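S.K.: The chain contents come next:
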Amino acid sequence: MRSPRLNSPGQLLETAGVPAATQHAPGADVPAGSLAALAAQHGLKPSAERPHLRVYLRELARRWSFIMGFATARNIAMYTEAKLGQMWQVLAPLLNAGVYFLIFGLLIKGVSRGVPDYLVFLVTGVFVFSFTQRTFISTSKVITDSLPLIRALQFPRASLPLAYVMIELQQMLLSLLVLFGLVLLRGEPLTWNWLLVVPATILLIMFNAGIGLFAARTGARVNDFAQLLPFLMRTWLYVSGVIYSVQQVVVQHAQNFGWVTTLLQLNPAAIYITLVRDSLLASQRASAFGAKPYNAANCYAWAGTARPPGVSRSAWITATTQVSNGRTPPGHPLSQYGSAYCHPTFVSTHLWQLGAGWAIVALILGFWFFWRKEVNYGRG
Amino acid sequence: MADPQSTEPTVVVDDLHVVYRVYGAGGDRGTAATALFRILGRRRRPSIREVHAIRGMSFVAYRGDAIGIIGRNGAGKSTLLRAIAGLLPPERGAVYTMCEASLLGVNAALLEDLTGERNVVLGCLAMGMSKREIKEKFEHIVDFSGVGEFIHLPMKTYSSGMGSRLRFAIAAAKSHEILLIDEALATGDAEFRVKSHARIDELRRQAGTVFLVAHDLEEVEDTCNRVIWLEQGTIVEQGEDVIGIIDRYIDASGGEKVTRDPVTRKRISAPEPAPA
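Here the protein sequences come in this chain order: S and Y. Residues 62 to 441 (my numbering) are what the first sequence spells out, left to right. Residues 14 to 289 (my numbering) are what the second sequence spells out, left to right.
None of these hints come from the bench; they were simulated from the model. Treat each hint with caution, since some may be false.
[As the list claims (entries may be wrong)] In silico lysine-lysine, DSSO-like type, Cα no more than 27 angstroms apart, as pairs:
#1 Lys434(S) with Lys106(S)
#2 Lys148(Y) with Lys208(Y)
#3 Lys202(S) with Lys150(Y)
#4 Lys144(Y) with Lys187(Y)
#5 Lys202(S) with Lys434(S)
#6 Lys187(Y) with Lys150(Y)
#7 Lys169(Y) with Lys144(S)
#8 Lys187(Y) with Lys208(Y)
#9 Lys106(S) with Lys187(Y)
Model, not experiment: these values are computed from the prediction.
So here's chain S without its partners, still in its complex pose:
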């Protein structure tokens, strides 16, 4: 089938305002201004122009089903080759926690010292941190992973890192279910405090979305980022108090390295881990800074420092035997943890405010950072 125009060559589409060079004219010079003027006159926009932020957000909101659908589909596809299939979503975090427990709970006793119920303390930390860690690592590759999709279809690119965050969220929620069971098995009580896991997780999602967007742009532009990331993540893991108590380090070094201990506490990963631990574990709440009236002997004995000035020898001996190695004497299930007798710090009393602050700052900055280069993703 031919349209009639095909049979009438020569009747070209010349109209007012269109320069003659649109005809076949090899090498004809097109006055640069006139085509731009024609485009402007008909409201055409440069094809590689970044959408306005408000338009972008609206388009992104329209893609919500895509983000969730993409996340679910990827999650299903991830384990299709494995015999145990979706079981791995639960098995992977359990094994992960098992490895850490084997090494830091059983082989190297030092790190579990002074931590009540170390197993759940550790597993909670591992689960919460791996949400952030996996998000960071997977989103740094999201643009390269999805090149074909990006080059085939037009959609707000931020959908992709956000979908990856949702993939990791699904993993995190399954991990949380495992964690709930484990916490109950260890004899921790089920209290209303558990509900606080919900806002803590929401803050964590916001924070991870922010760093995911940041990692997506950085990973797309700088290929070296992917090489560097494992080291960054391991360092972050070790400073975040996943396998030891940050609080202990804070008391130990508060005298000499005050600002370092403040930084350690301000670390967003440490804040979110502490928030989830405090919500789920009664033993953590009971041993939080300031849970008991200040008692220097108990506090410093727990931290394992030398006898602080102003503490009598006899009080020091009582304290060290009572809280030695963080073991609770029988009959006092949760009350004997020395950290409870320490002064609360600014961070320990403002955990929720700081957690919310980090979440909002990370999300806004991450989004803005990603959006700035929206038109560059997928380019060769």
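Following the hints, put chain Y in place on chain S, whose structure we already have.
M.R.: Same frame as chain S, but now just chain Y:
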């Protein structure tokens, strides 16, 4: 048939230059020591090579145009499409479009690990269709692609033809104002070609603009009302004389001459070689 042509421009390409930067194109030995000296000396990577893929193109496409882009390998056809789609930044000049252009190419795999079914749903969601809209169109997309039972299998099990048919079906489900097709139809079988030609015509009638890159000149002749002939990043010839330009292109590139009916100018299939 009503003329779908209007005088409203949808794509304006204004003195477009596109330059690729290719990394690792050789040059230094690529050892750690040379990399270190390069960084210390704040020198640019010598291995970056620039490829000037498009050197100053200008044209205007209008509503209802189906424009065939022809030329030899490496003439800049696919680059031009990607520049129109906004996937490659212009080095100089500009591309103006009425709205976002959708690029559809043979290499554009969706998610290989997922079933065709999920790819259809995700592809449509990504294009901003609602769930109800997708439910309505799902059957049609699957029928159109003709992949049949394979729709329940992961896309990596598809033949290249089936994959590109499904991708075309997904992309064509939405009426794009500007659709860029990069040899997508070449892999389809005869039946699929007929269907896709019909769909392209339909898209044109819905006041869209279609760009078609194809090595199969007959396809361009059948589908397009305009043709642009590229050579080494520049336009050799463009216009509505589709048949004339194609014939001159065949002459220039040393292809086999096409025999045409002198009146209708339609192709006449080559006669059987006379027995010796």
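S.K.: Run every hint past the structure and note whether it holds.
M.R.: Each hint, compared with the structure:
1. Restraint check for Lys434(S) and Lys106(S): satisfied, since their Cα atoms lie roughly 17 angstroms apart, inside the 27 angstroms limit.
2. A hinted pair counts as satisfied when its Cα atoms are at most 27 angstroms apart, and Lys148(Y) with Lys208(Y) qualifies at roughly 22 angstroms.
3. A hinted pair counts as satisfied when its Cα atoms are at most 27 angstroms apart, and Lys202(S) with Lys150(Y) does not qualify at roughly 32 angstroms.
4. Restraint check: the Cα-Cα separation between Lys144(Y) and Lys187(Y) comes to about 13 angstroms, which is no more than 27 angstroms; the hinted pair holds.
5. Restraint check for Lys202(S) and Lys434(S): satisfied, since their Cα atoms lie roughly 16 angstroms apart, inside the 27 angstroms limit.
6. Simply put, Lys187(Y) and Lys150(Y) have alpha-carbon atoms about 9 angstroms apart, close enough for the 27 angstroms limit, and the pair holds.
7. Annotation: proposed proximity of Lys169(Y) to Lys144(S) holds, straight-line Cα distance about 19 angstroms (limit 27 angstroms).
8. With a CA separation close to 16 angstroms, the supplied pair Lys187(Y) and Lys208(Y) stays within the 27 angstroms bound.
9. With a CA separation close to 21 angstroms, the supplied pair Lys106(S) and Lys187(Y) stays within the 27 angstroms bound.
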